[in-house]
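Engineer: What follows is each chain in one-letter form.
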Amino acid sequence: MSTKRPSIALLAALGLLAAGVAGCSTASAVRVRPWERGALADAAMNPDRDPLADAMGDHVNFSREAANGGKGVGGSGCGCN
Amino acid sequence: MVSALRGPRAALAGAAFALLAVPMPAQVKPGDSFPSIDASVLAGGPLPVTSGKVVLFDFWASWCAPCKASFPAYSQLSSDYAGRGLVIIAVSVDDSPDAFAAFVARMRPTFTTVDDAQHRLVGAVQVPTMPTCYLVDRTGKVRFMHAGFHGGQTERDLRSEIERLLAEGAPAP
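Residue numbers (our numbering), protein chains in the order written: chain U, 1 to 81; chain D, 82 to 254.
One chain only, chain U, in its complex shape (with noise of 0.2 Å):
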């Protein structure tokens, strides 16, 4: 008895209209637009916003880990302008 292997094509197209349907593929679902942006200019996202806990998470970095500095990307925004 054989059994009949898919072709790669056959997968591959199976993928991408698989990816449609779930809307991961389109444009507006990969792309976040600039009126789109609130939620991203909120204080809660900037992962900085709390002075104290950086202190006790570069604390436990640098005394379990070895690792300092580093941290020269944060904040958060809208992008504006």
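Because the hints were derived from the structure by calculation, they are not lab data.
Where hints are given, some of them may not hold.
Restraint ranges, calculated between C-beta atoms of paired labels, are given here [stated by the list, open to error]: (1) G126(D) with L52(U): 31 to 37 Å; (2) A44(U) with K222(D): 27 to 33 Å; (3) R201(D) with L52(U): 40 to 46 Å.
Far from chain D by the CB rule (all over 12 Å, computed), these chain U residues [to be verified]: (4) P47; (5) V60; (6) N61.
All of these numbers come straight from a predicted model, not from anything done at the bench.
Heads up, the beta-carbon is just placed ideally off N, CA and C, and yes, glycines get one too.
Take the given structure of chain U and dock chain D to it, following the hints.
Structural biologist: Just chain D now, with coordinates in the frame of chain U:
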């Protein structure tokens, strides 16, 4: 591989790629007609008469800091040019009516503000950034646009452009 895509398989692949190719609406640019405004989807107040006027459409949000900086400048432009035929309509993209109302109450603009909470108008315009303003001439055509608000430089540019559009006069009936 190509030979595998025949009949139903080809239709399946075509459907998949068609889904991937969903086009985004084009951005409104100078030279285009500004989309018509459906007042029924804009909250915040009656729209002023824009026919035959020079109109400045500003898209803003309460969470956008440059938008906040732009409001005093637009209030000044409104008081300077409203008598000569300039209408300013500031369109908020806030999802929350409360955030829109609080911002307007705090800034007290002297021009019209409306809330496009359903993002119908901004979706049709496809603004490139927040804020973005469009200067529309008396015939309804977009003549200038400013992506972002850069303080005095933007205000100076707008004044020059508004003067130019106002000087063009009313369109022939």
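Engineer: Run every hint past the structure and note whether it holds.
Structural biologist: Against the structure, the hints come out as follows:
At about 45 Å, the CB distance of G126(D) to L52(U) disagrees with the hint of 31 to 37 Å. Checked against the hint of 27 to 33 Å, the pair A44(U) and K222(D) fails, with Cβ atoms roughly 42 Å apart. A beta carbon spacing of about 44 Å between R201(D) and L52(U) agrees with the range 40 to 46 Å that was offered as a hint. At roughly 18 Å, the least C-beta separation between P47(U) and chain D is larger than 12 Å, which holds for a residue marked as non-interface.
Chain D leaves V60(U) outside its interface by the beta-carbon criterion, the shortest separation being 32 Å against a cut-off of 12 Å. Look at N61(U): its CB is around 31 Å from the nearest CB on chain D, clear of 12 Å, so calling it non-interface holds up.
In summary, the numbered hints that this structure violates are 1, 2.
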